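Heads up: the sequence lines are chains A and B, in that order.
Its first residue numbered 1, the first sequence is counted upward by one per residue in this note's numbering.
Its first residue numbered 1, the second sequence is counted upward by one per residue in this note's numbering.
For the record, the hints were derived by calculation from the structure and aren't laboratory data.
Don't take every hint at face value.
Claimed, not checked - Once the Cα atoms are required to be at most 25 Å apart in a straight line, the calculated BS3-like pairs of lysine-lysine come out as:
hint, chain 1, residue 1, chain 2, residue 2
1, A, K51, A, K187
2, B, K377, A, K85
3, B, K103, B, K84
4, B, K12, B, K296
5, B, K168, A, K85
6, A, K128, A, K140
7, A, K128, B, K12
8, B, K377, A, K88
9, B, K307, B, K84
10, B, K308, A, K77
11, B, K307, A, K77
12, A, K85, B, K307
None of the values given here were measured: they were computed from a predicted structure.
Spelled out, the chains give:
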Amino acid sequence: MPEQDIKRNETPLIDLINIYKIYRMGTTEVRANNGINLRIYDGEFVAIVGKSGSGKSTLMNIIGVLDVPTYGQYILKGQDVSRMKSDKLAEIRNRTIGFVFQQYNLLPRQNLLENVELPLLYGGYRVKARKQLAMDALKKVGLEDKWKNYPNQLSGGQQQRGSIARALVGNPSIILADEPTGALDSKTSSDILDLLKQLNDEGRTIILVTHDPAVAARANRVVKIHDGIIVFDGPIQEYKKQEAEG
Amino acid sequence: MNIFQTFRLAGKSIIGSKLRSFLTMLGMIIGVASVIILVGLMNGVKNYIISSFSELGTNIITVSVTNTDTRKVDVDEVYEFADKYSNVFLGVSPKVSVRSTLKNGTESLSTTVLGVGEDYLELNSLELSSGRFIHYADIKNRYNGAVIGSYIAEELYGGKVSVGDTIKINGQVYNIIGIQKERADSEANSVDDVVYIPYSNATRLAGSGNIGSYIFAAVDNDAVEKAEDILDNYLYGIMKNDNLYNIASMTQMLETVSSMTGILSAILGGIAGISLLVAGIGIMNIMLVSVVERTKEIGIRKSLGAKKRDIMTQFVIEAASISMIGGIMGIILGYAGTKSLGNLFGIEAAPTVNSILLAFGISAAIGIIFGYMPANKAANLNPIDALRTE
Numbered sequence: 001m002p003e004q005d006i007k008r009n010e011t012p013l014i015d016l017i018n019i020y021k022i023y024r025m026g027t028t029e030v031r032a033n034n035g036i037n038l039r040i041y042d043g044e045f046v047a048i049v050g051k052s053g054s055g056k057s058t059l060m061n062i063i064g065v066l067d068v069p070t071y072g073q074y075i076l077k078g079q080d081v082s083r084m085k086s087d088k089l090a091e092i093r094n095r096t097i098g099f100v101f102q103q104y105n106l107l108p109r110q111n112l113l114e115n116v117e118l119p120l121l122y123g124g125y126r127v128k129a130r131k132q133l134a135m136d137a138l139k140k141v142g143l144e145d146k147w148k149n150y151p152n153q154l155s156g157g158q159q160q161r162g163s164i165a166r167a168l169v170g171n172p173s174i175i176l177a178d179e180p181t182g183a184l185d186s187k188t189s190s191d192i193l194d195l196l197k198q199l200n201d202e203g204r205t206i207i208l209v210t211h212d213p214a215v216a217a218r219a220n221r222v223v224k225i226h227d228g229i230i231v232f233d234g235p236i237q238e239y240k241k242q243e244a245e246g
Numbered sequence: 001m002n003i004f005q006t007f008r009l010a011g012k013s014i015i016g017s018k019l020r021s022f023l024t025m026l027g028m029i030i031g032v033a034s035v036i037i038l039v040g041l042m043n044g045v046k047n048y049i050i051s052s053f054s055e056l057g058t059n060i061i062t063v064s065v066t067n068t069d070t071r072k073v074d075v076d077e078v079y080e081f082a083d084k085y086s087n088v089f090l091g092v093s094p095k096v097s098v099r100s101t102l103k104n105g106t107e108s109l110s111t112t113v114l115g116v117g118e119d120y121l122e123l124n125s126l127e128l129s130s131g132r133f134i135h136y137a138d139i140k141n142r143y144n145g146a147v148i149g150s151y152i153a154e155e156l157y158g159g160k161v162s163v164g165d166t167i168k169i170n171g172q173v174y175n176i177i178g179i180q181k182e183r184a185d186s187e188a189n190s191v192d193d194v195v196y197i198p199y200s201n202a203t204r205l206a207g208s209g210n211i212g213s214y215i216f217a218a219v220d221n222d223a224v225e226k227a228e229d230i231l232d233n234y235l236y237g238i239m240k241n242d243n244l245y246n247i248a249s250m251t252q253m254l255e256t257v258s259s260m261t262g263i264l265s266a267i268l269g270g271i272a273g274i275s276l277l278v279a280g281i282g283i284m285n286i287m288l289v290s291v292v293e294r295t296k297e298i299g300i301r302k303s304l305g306a307k308k309r310d311i312m313t314q315f316v317i318e319a320a321s322i323s324m325i326g327g328i329m330g331i332i333l334g335y336a337g338t339k340s341l342g343n344l345f346g347i348e349a350a351p352t353v354n355s356i357l358l359a360f361g362i363s364a365a366i367g368i369i370f371g372y373m374p375a376n377k378a379a380n381l382n383p384i385d386a387l388r389t390e
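Chain A on its own, in the form it takes in the complex (with noise of 0.2 Å):
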């Protein structure tokens, strides 16, 4: 793994030591996260990939913060988040994860300039900054001049770019991406991955959740997960390559 090799006296950004997730459906115990240890450096384009129920969707949970693991260590920028209260984790994905999911989330009441605005909102920024910054998170994305619409005026690209803004905006040191293009067709989704692949040039660390191979053929690295453990962890040719092996 020659890109691990060349940052391995850095700070991984994420640094995920023996993460085990179990959840308890009655008497029986489903291992969503096995035992995994990843390490994901700043600027990289991680695609993590997997099949449905391979755990990748368990794993996202837990590097967004959203959750916690039942064991191991999960190290963010240094600090061990994996036993923080909610309220904690809240503020850590506040400043430090952007989300992009595969449905957009954009809140239906508010426009799109108050969707974008919403982590600046909870990151307690005033007015004005909250307007600049989102405006110019907008910009960046291309859609300033329909900062007025609701998101059911906009189209599922439009949408999608609008939902990348927003987890743009609050300057986080990665973006979580979920699925972003399972919900669009195949010209839009080539725009978005471009658009991610744009910020990740800018220097931005993009971790990619997709099972379409196509999709994951547009990040640097892929990280493969099956029954909850990493069954391949390298860089985007030689997981091609293996796929193509089978």
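Take the given structure of chain A and dock chain B to it, following the hints.
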């Protein structure tokens, strides 16, 4: 997130579902309006009763004494006593009631003749339309002079009577020295149905030398209580038995009336208050539905960094806003309702400031209290589960 933004958010959400918000508010509107209307009307009734009583003189204390052979209250001593405490007493007058037959020629009429002192008219704030009232000299001389009420003037003389005419009281001829100004439309058994004569004559007419009743006037309403205490001491000193005398005042009666209407208005207000409780439960119900409907929104907000407190205040403020807007509408309706119902019943009813403040406070409190549970539910939602719902 600051409170102003939270209110804006609440406003948006309320406007976003107008019909539902209005229906939720309706309970609050009706509850608040009915509290204000009932309390206001009761207050109007109370004021009406009090003003009716006040016309009769609220500073008047009526004393009745049962004189015995060995213990009796002497009229001259009573006058001396009232003089001694002139800081509390405006004056005193004996009051001897005698049921009598009045005659003018062939016309006759049965009424109560009052034997009184020279101050009686003034103490009771009564006025004459012509002539004079009984003088001290009339009492000393047992002069057969009478002041008649307007009812008597109408009934016995057809309104054509003047000072100097005569009237027969139980067969004795009296000169009419004055005529009392009409007070109560000259109706029978009213203050206009009266004949005043010197009390010295009345005791004879009654066939007993004792005076069983006195009217004391206190200097003002506040002095009534003190005056009653002094009187009680004085009378007990003479009679040595509190069953032999009785002290009564309008103030006491007013207090009784006040406390009765107070209880009544508390009961009615309380019953109306139950509807506020029901309204609160309605708000809680709708907020619970709202939390379920907006689970996804809550999940999104949490994923973007909303803390428990942020979600909590959002929902509490929303519930409180619905409740307070309903409360304000209820106050307006209650105000209009009190006025128009007051007019309908012919009483001067106005919503009390207290009931308005109370109603508003309660509506806000109900919003917060009944909004708390749904808000807490919302705040404690797990963001992953919340995001997963559709």
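Verification of the hints:
{"no.": "1", "hint": "A:K51 / A:K187", "verdict": "24 Å, holds"}
{"no.": "2", "hint": "B:K377 / A:K85", "verdict": "17 Å, holds"}
{"no.": "3", "hint": "B:K103 / B:K84", "verdict": "41 Å, violated"}
{"no.": "4", "hint": "B:K12 / B:K296", "verdict": "17 Å, holds"}
{"no.": "5", "hint": "B:K168 / A:K85", "verdict": "102 Å, violated"}
{"no.": "6", "hint": "A:K128 / A:K140", "verdict": "19 Å, holds"}
{"no.": "7", "hint": "A:K128 / B:K12", "verdict": "21 Å, holds"}
{"no.": "8", "hint": "B:K377 / A:K88", "verdict": "19 Å, holds"}
{"no.": "9", "hint": "B:K307 / B:K84", "verdict": "78 Å, violated"}
{"no.": "10", "hint": "B:K308 / A:K77", "verdict": "24 Å, holds"}
{"no.": "11", "hint": "B:K307 / A:K77", "verdict": "21 Å, holds"}
{"no.": "12", "hint": "A:K85 / B:K307", "verdict": "11 Å, holds"}
Checked against the numbered hints listed earlier, the structure breaks hints 3, 5, 9; every other hint is satisfied.
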